[in-house]
Every structure is written in C-alpha cells, then in structure tokens.
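Trainee: Generate the whole structure from the sequences, applying the supplied hints.
Protein chains: 2
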Amino acid sequence: MGQKMSGQHIEQLIKIIAKFPSLGTRSARRIVLHLLKKKETLIPQLVSSLEDVYNNIKVCDICGNYDTESPCSICRSASRDGGLLCVVQDISDLWALERGGLYKGKYHILGGVLSAIEGVTPEDLNIEKLISRVEKENISEIILALPATVDGQITMHYISSLLKDKNIRVSTLAQGIPVGAELDYMDDGTIKLALDMRKRL
Amino acid sequence: MGQKMSGQHIEQLIKIIAKFPSLGTRSARRIVLHLLKKKETLIPQLVSSLEDVYNNIKVCDICGNYDTESPCSICRSASRDGGLLCVVQDISDLWALERGGLYKGKYHILGGVLSAIEGVTPEDLNIEKLISRVEKENISEIILALPATVDGQITMHYISSLLKDKNIRVSTLAQGIPVGAELDYMDDGTIKLALDMRKRL
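These protein sequence lines map, in sequence, to chains A and B.
To convert, note that position 192 of the first sequence is 191 in numbering that gives the first Met the number 0; the numbers rise steadily by one, no gaps.
To convert, note that position 119 of the second sequence is 118 in numbering that gives the first Met the number 0; the numbers rise steadily by one, no gaps.
Any given hint might turn out to be false.
Remember, identical chains collapse to one label, so a pair may be satisfied in a single copy or spanning two.
To be verified - Okay, derived cross-link-like pairs now, BS3-like style, lysine-lysine, Cα gap no bigger than 27 Å in a straight line: (1) 128 / 36; (2) 18 / 36; (3) 198 / 37; (4) 14 / 37; (5) 14 / 103.
Simulated from the structure, these hints should not be mistaken for lab results.
Mentor: Quick look at the structure:
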C-alpha cells in the first residue's frame, strides 16, 4: 500500500522478491531500497548476471545438475570414479558435498523425496533415470545421501528395493553426533541413535 | 567453491545476491536455486521488473522520495497539508507512515542520522535542503520522526536548534509502550520513560 506512492514499479519488484525462499515483504522492501540506493551500479550488474544464468545454464541430461553444458562437467569428468554414484535430493546437496571436495564419484539428483503428505510419487522423481543409469553405466556402489527424515528413509528403502537384484552395493551416510557438536544441544532421537550405533574404541 | 561445478554464472549471481541486506551466502544459494528451478518464468519476470524500476524511478528533488516523477506524487498532492512536514531518516520510514494512511502532511527524507562513530556529518544529510524548504514553503510544523536512538536524538536536537528562530513548531513522535505490547517484553529504558511520562487518566 505504502509503495503505491512510488508507483507500480517498486511495488511490483517488492512483490516478486518477497516470494523468494526465506524472504517476506519486509526483507524484500529492504532489498529493493538497497538496490535503489545504488541503482546505477547494482541493478545493471544484477540484470546482467541474471541474463547470464538464463542464457547459459542448462540441466544435465544424465544427472540433473546445473551446468553450462549437458552432460555436465562432473558427468564428463574422466578423473572421477564412474563406478560410484551418490544420490542426492537436490542440487544444494551436491554443492554441499562438492564444497568439502572429498567425494570423487558422480551424482544423481532425485529432485525431491517421496512424500505421502505432499503427494510426491516415484513418477515425480528422477528414479526411472537412475535405474536406467544403473543398467547402462558400470556402477558398483550407490550412496543414498538423502535427508535423515521419515520421507528420506522411505525413499531410500524404495530405491534400494528397486536395486535389490542388480548386484550393486547400496549404502547410506552414517548417522550420529556431528563433529564438534555438544550433547546438550542434540535431540533425543540423535542421542538414542548414537548410543545404539556406538563404536568400540 | 562448490558452485564452480555449475560454471562462473551461478557463482557470480550467488555472490551478488549474498550482499543484499539480511542475506548471506546460504540464503543466496537457496534463492538462486529457486530462480533456476522456474528459470523460464521467474528470471525474465525479475529482469523486466528490475529494468522497469531502473528506467522509471527517480529521486524527488524536493523531499528525496522515490517516484516516477520529480517532484513526487506526495509533494505535488494538493490534498495534503503543505504546512505539516514530517522529517524521516529513510524512505522505508515514509513507507511505514504511508501504510497506516493516517498522516496527511508532506515529507522530508534526511538520508540518515548524524553519527560520530560512522562519521556522518550534517553535510552528509539532507539538512540544508530542509532549511531552504522551511524558508521557501509555508510550513507551520515540523515533526521529527527520527529513530529513538542516541544518534537519532542528537540529530533531532541539531535540527531543532537550526529551526529555533524560524517561528515553526517542532515536535517529535511520542515515546512509550507500543500498543498491544506486554510489559514483560519491554526493555528497562522504555519502562522508565513510560513511567516518567505517565499520563493522568
């Protein structure tokens, strides 16, 4: 309402930005004011970066990653272990694993997890393509790095049941207390699991 | 680092968005992924809205407001009381007052408050223009709606000293307990002030 004073243009931009994840009208207003204050430099810079992304980024046909080419640089890489495939929920998970730089296999992006509540069925996910990769590529192990939630667990069970007779090792990430975390801040579920899965020193 | 996988383009966009107020790299990553997922609709929409703002929004020569024209629609408005001028720190404060729709005077945007720590001097603010407005326009009252901080108070004192011999009523917003607030959540300073300024029923 207040933005009516500055014409439709500002109001419209606030509306668009307010719909971004983790933002709302108040933070959108602050961002738009910030952009307006340094309008001459910030807006052209942002527009050209958005256009760059729009014109250059493609979805990789094989794994679902974003890259300037398809197949993406990870799928094309000869230095990565093609026998090891890490199945993640989303590209942000791939980025998280890549930031560590410790994983040297390839990826498959599922695009979500099964969810009865949100009505996500196997057809909504990249599962069919995963199975056909297993049949075509020479994969020896699949790491299911899906979230440690009920939906994530169900999805991992579903996928591993599909892979049962494919003669492939299926693993999942270890669960327990994060490195550097204090017990006091851990939830009961994690503490119970860490106790149950305790390791002999 | 992880974004290297998706080429420079995504990395660059994340960098720009991470510098927005109240955002960081993590939220910028989430926003960029959101934009990428609905790339075909969201990016062109955002770009065109940014270009609209860039091409159409000007700073009002009189009050400092953003509008499609200068003088802005508030300064031009004949239905507003030109004798009443509300001095605010920033345009977000003008928007806040306009949202309520209760204020019917005009505005003057200061562009900040005096600050010894941040090195903001009277020359950095829109004070000179305020004084010349007082001399040219027929203003009977100035409401100093600056923040209730030490810097805000100092700025209000400074401006009211400049206006001392201009035969103008200078006022400021009432301070106290906000409507609907619980005492339990108020800081000591506010409680002391509300007690000192208590009103007879």
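Trainee: So, for every hint listed, does it hold in this structure?
Mentor: Now the hints, each set against the structure:
Taking CA atoms no more than 27 Å apart as the test, residue 128 paired with residue 36 passes between copies only; the shortest distance there is 19 Å, against 47 Å inside one copy. In the homo-oligomer, the alpha carbons of residue 18 and residue 36 lie at most 27 Å apart both inside one protomer (22 Å) and across protomers (14 Å), since each shortest distance falls under that limit. Within a single copy, residue 198 and residue 37 get their C-alpha atoms no closer than 56 Å, and across copies no closer than 45 Å, so neither meets the 27 Å cut-off. Both within a single protomer and between protomers do residue 14 and residue 37 lie at most 27 Å apart by alpha-carbon distance, with minima of 20 Å and 16 Å respectively.
Only between protomers do residue 14 and residue 103 lie at most 27 Å apart by alpha-carbon distance; the minimum there is 26 Å, versus 42 Å within a single protomer.
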